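Enquirer: Make the full structure from the sequences, and use the hints.
In order, the protein sequence lines correspond to chains D and V.
Numbering-wise (full-length UniProt numbering), the first sequence opens with residue 1 and increments by one.
Numbering-wise (full-length UniProt numbering), the second sequence opens with residue 1 and increments by one.
Think of the hints as simulated: they come from the structure by calculation, not from any bench.
Hints are not guaranteed to be accurate.
Pairs of lysine-lysine residues, derived as DSS-like cross-links and limited to a Cα-Cα distance of at most 25 angstroms, are as follows [claimed, not checked]: (1) K275(D) to K265(V); (2) K466(D) to K150(D); (3) K126(V) to K179(V); (4) K419(D) to K234(V); (5) K136(V) to K179(V); (6) K92(V) to K150(D); (7) K419(D) to K92(V); (8) K92(V) to K249(D); (9) K458(D) to K214(D); (10) K27(V) to K150(D); (11) K214(D) to K27(V); (12) K290(D) to K265(V); (13) K214(D) to K290(D).
One-sided and incomplete, this derived list gives chain V residues near chain D with beta-carbon spacing under 10 angstroms [what the hints assert, rightly or not]: (14) A69; (15) Q73; (16) A79; (17) E82; (18) G88; (19) D239; (20) S259; (21) A262; (22) A267; (23) M268.
Since the structure is predicted, the reported quantities are computational estimates derived from the model, not experimental observations.
C-beta atoms are modelled at their ideal positions from N, C-alpha and C, and glycine is treated no differently.
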Amino acid sequence: MPLVNGKYKANNKDPRVPANEVPAEVRAHNFEPVDTGYTYEDAIEEANRCLDCKRPRCVAGCPVGIDIPTFIRQIREEDEEAALATIRDSNMLPSVCGRVCPQENQCEGSCILNKTGDDPIAIGQLERYLGDQSESLAKTPVCKPANGKKVAVVGSGPSGIACAGALAREGFDVTVYEAFQTGGGVLTYGIPEFRLPKAIVKREIDGLKDLGVKFEYDAVVGRLYDADEFFNEYDYDAMYLAVGAGLPKFLNIPGENLPGVFCANEYLTRVNLMKAMLFPEYMTPIKHGKNVVVFGGGNVAMDAARTALRLGAETVTLAYRRTEKEMPARVAELHHAKEEGVRVLELVSPIAFEAGEDGFVAKVKLERMELGEPDESGRRRPVVIPDSEFELPCDVAVTAIGTNANPFAEMAADVKLNKWGYIEADENGRTSDPRVWAGGDIVTGAATVILAMGAGKKAAADMAEKLLAE
Amino acid sequence: MAFEILEKTQYSEKVFKFRVHAPQMAKKAQAGQFLIVRMDETGERVPFTFADWNPEEGWVEFIFMVIGATTEQLSQLQAGEEILDITGPLGKPTEMVPGNWCVIGGGVGLAIAYPVARALLAAGNKVTVIMGARTKDLLILTEQFRELPLENLIITTDDGSEGEKGVVTAPLERLCQDKAIDQVFAVGPVPMMKFSALTCEKYDMPITASLNPIMVDGTGMCGCCRVTVDGQTKFACVDGPDFDATKVDWADLSARQGSYRAEEKVAMEHVEHEGGCKCHS
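Expert: If you want it as structure tokens, here you go:
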């Protein structure tokens, strides 16, 4: 630890310790992790850059309020076990969040070093580093004695996992119901292996099982079970609905249903969940396009584009109707995608897909856009440039333009929905049915892993308070 | 979770029925709904419509025809063995509007037509069934259909090897002309459903078709099973699988069903090699 007169003095003027990334030309052709993470030395060196602010802005920037300066100090003091415990007080999934949070808009974006002209602390890397040590560090925390109350958690994505873990620690008897054959929700079917290894998701789920949480897979609540059954026959005291955002949105342009045109959800699910890259050893096929065009500018679009590269595409074009600056994706994802060879085509909008002789999509017609006045989201609205049509060859197209509400919200329980079909819930996740809480994307619309987790944790605390007072 | 196969029935060279232990699913299944099977760790997710179910005994049944690699592998499983994953019931149940129904089943679609006909009868409707297949050997469940208290059972085969020579639309047209029916349900290959819809349209006869596009999750998440109905994109898994057949874009459905024809050949070769030869070992 850097000391001056026996007191800690941060090395904040040192450059940020760089991520250990696999060279782009290597990683673009396999599904192995892009970033192998900090070493012990890296973590100490980076921790030594932290000013340990009295009034830390990073904590305020974290959606779940992790005590960031404390865990960084504990890394510095070489007490990784305590550091991990500090994170776990607020966040059960540090290995996941360290990898997928948009830190530049949250903790790192709020770091005071941005103001002093220095690089912000690599908080995400440090969080991930600790999370990844958890197997060699302290085992999962001990649970309070069983309190006799039962909760059904619907959905095993980040929100469901966070809620289940927090409830189990409070002594609840928790069962998680998952529609797919395995757990993790979007962490499993959505985020690719090269960004979030599935072994990590599995480890987090196994951690919950160690806490006594039960998992029932292949269970579509709303069809296989319903709320009445849960409360009346299975004696659940409460339900937490975390079914996620659902139905993909469409471009609504001609040719969108041609074979070879995918929604990102399908494209990614085939690869991530069903392992289509290993076809025919794994029986689920996927189209290997030569010229792949992905539509969208978010993390899902980046994941799809980078997956297409790894499936052997010769060209991958990311078509977006605004400019890179307005893209909602994490900065790191866009940066990685471009390094790997994804071509970004700004200010364009598709108008039609056209089939080749074999009936499969063969090209896409686009038109050029320019940015006009800001819209309700505050971003400048793209406006069509007249007579600017052009074509791109495209034998696989992937649309990643967002999702609508999941229809299973309504089927799973009789709770009030808003006009877009999302569940109406208060800040603690309470819905119109006093026995049912809800959180994550099914309440907020598509958002981040960390917000979904935060909602799960809050709901768990509120459930504990309410149910244990009964 | 794993699901034990309680009983395996073979109807013809390529058509099989599995009865599997699934007590909770048996409580909830309704006619027209489907389940998704993933046979083992490397398996794909494939939808099959419920053929029958019994909540007291805790089982569900589905019928399948060997048409590709996955159904080939599935057909090799025996009673007593397990299927790794079965998800369901999925989709909306068939709407049982009271009336004089004609249920049309073509080929393996007969496996879906059968429980729908039975449920319509149980709900107090009059039911006529038209069974259609290319040839006699591809007709399935004929005995089971004969045992139902139907108004009429009409069989057609393309080659005339059983029943009327020709396709299902000929008897359908007669029934429409005679005003012997007022509701139609059709399930089978796309051309059969399409031409049944065109026939019904001529007579202003309502017709529902049960569609069978490729699916992955089956819960409305992935969009793979999207179909165009009345100019709108619908998901067969959550909005269907039943739709107004006169509004379905059949060309669209047919093209999407063929999305993986090339891959299907590769998978079939892979399965055949695994089954016998040692050329990959």
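Enquirer: Are the hints correct? Go through all of them and say.
Expert: Consistency of the hints with the structure:
About 18 angstroms separates the Cα atoms of K275(D) and K265(V), which keeps this hinted pair within 25 angstroms; it holds. For a cut-off of 25 angstroms, the pair hint linking K466(D) to K150(D) stands: about 13 angstroms separates their Cα positions. For the suggested pair K126(V) and K179(V), the alpha carbons sit about 13 angstroms apart, so the restraint of at most 25 angstroms is met. With a C-alpha separation of about 20 angstroms, the suggested pair K419(D) and K234(V) falls inside the 25 angstroms cut-off, and the hint holds.
With a C-alpha separation of about 29 angstroms, the suggested pair K136(V) and K179(V) falls outside the 25 angstroms cut-off, and the hint is violated. Using a Cα cut-off of 25 angstroms, the hinted pair K92(V) and K150(D) is violated, with the two alpha carbons roughly 30 angstroms apart. Note on K419(D) and K92(V): the hinted pairing holds, with a Cα-Cα distance of about 22 angstroms set against a maximum of 25 angstroms. With a C-alpha separation of about 21 angstroms, the suggested pair K92(V) and K249(D) falls inside the 25 angstroms cut-off, and the hint holds.
Taken as a hint, the K458(D) and K214(D) pair is honoured in the structure, with Cα atoms around 21 angstroms apart against an allowance of 25 angstroms. As the CA atoms of K27(V) and K150(D) are separated by approximately 23 angstroms, the hinted pair is consistent with the 25 angstroms bound. A distance of roughly 22 angstroms separates the Cα atoms of K214(D) and K27(V); the hinted pair therefore holds under the 25 angstroms criterion. The hinted pair formed by K290(D) and K265(V) meets the criterion: a straight-line CA distance of about 20 angstroms does not exceed 25 angstroms.
A distance of roughly 44 angstroms separates the Cα atoms of K214(D) and K290(D); the hinted pair therefore is violated under the 25 angstroms criterion. The closest approach between the C-beta of A69(V) and any C-beta of chain D is roughly 6 angstroms, which is under the 10 angstroms cut-off, so the hint is satisfied. Here the hint on Q73(V) is kept, as its CB sits about 8 angstroms from the closest CB of chain D, short of 10 angstroms. For the restraint placing A79(V) at the interface with chain D, the shortest Cβ-Cβ distance is roughly 21 angstroms, beyond the 10 angstroms limit, so the hint is violated.
About 13 angstroms separates the beta-carbon of E82(V) from the nearest beta-carbon of chain D, more than 10 angstroms, and the hint is not met. About 7 angstroms separates the beta-carbon of G88(V) from the nearest beta-carbon of chain D, less than 10 angstroms, and the hint is met. At its closest, the beta carbon of D239(V) sits 9 angstroms from a beta carbon of chain D; the interface hint therefore holds under the 10 angstroms criterion. The beta carbon of S259(V) is positioned within 10 angstroms of a beta carbon in chain D (closest approach about 4 angstroms), and the interface hint is therefore held.
At its closest, the beta carbon of A262(V) sits 9 angstroms from a beta carbon of chain D; the interface hint therefore holds under the 10 angstroms criterion. Among the interface hints, the one on A267(V) holds; its C-beta lies about 5 angstroms from the nearest C-beta in chain D, closer than the 10 angstroms criterion. Taking 10 angstroms as the C-beta contact cut-off toward chain D, the hint placing M268(V) at the interface holds, the least distance being around 9 angstroms.
Comparing the model with each numbered hint stated earlier shows that hints 5, 6, 13, 16, 17 do not hold.
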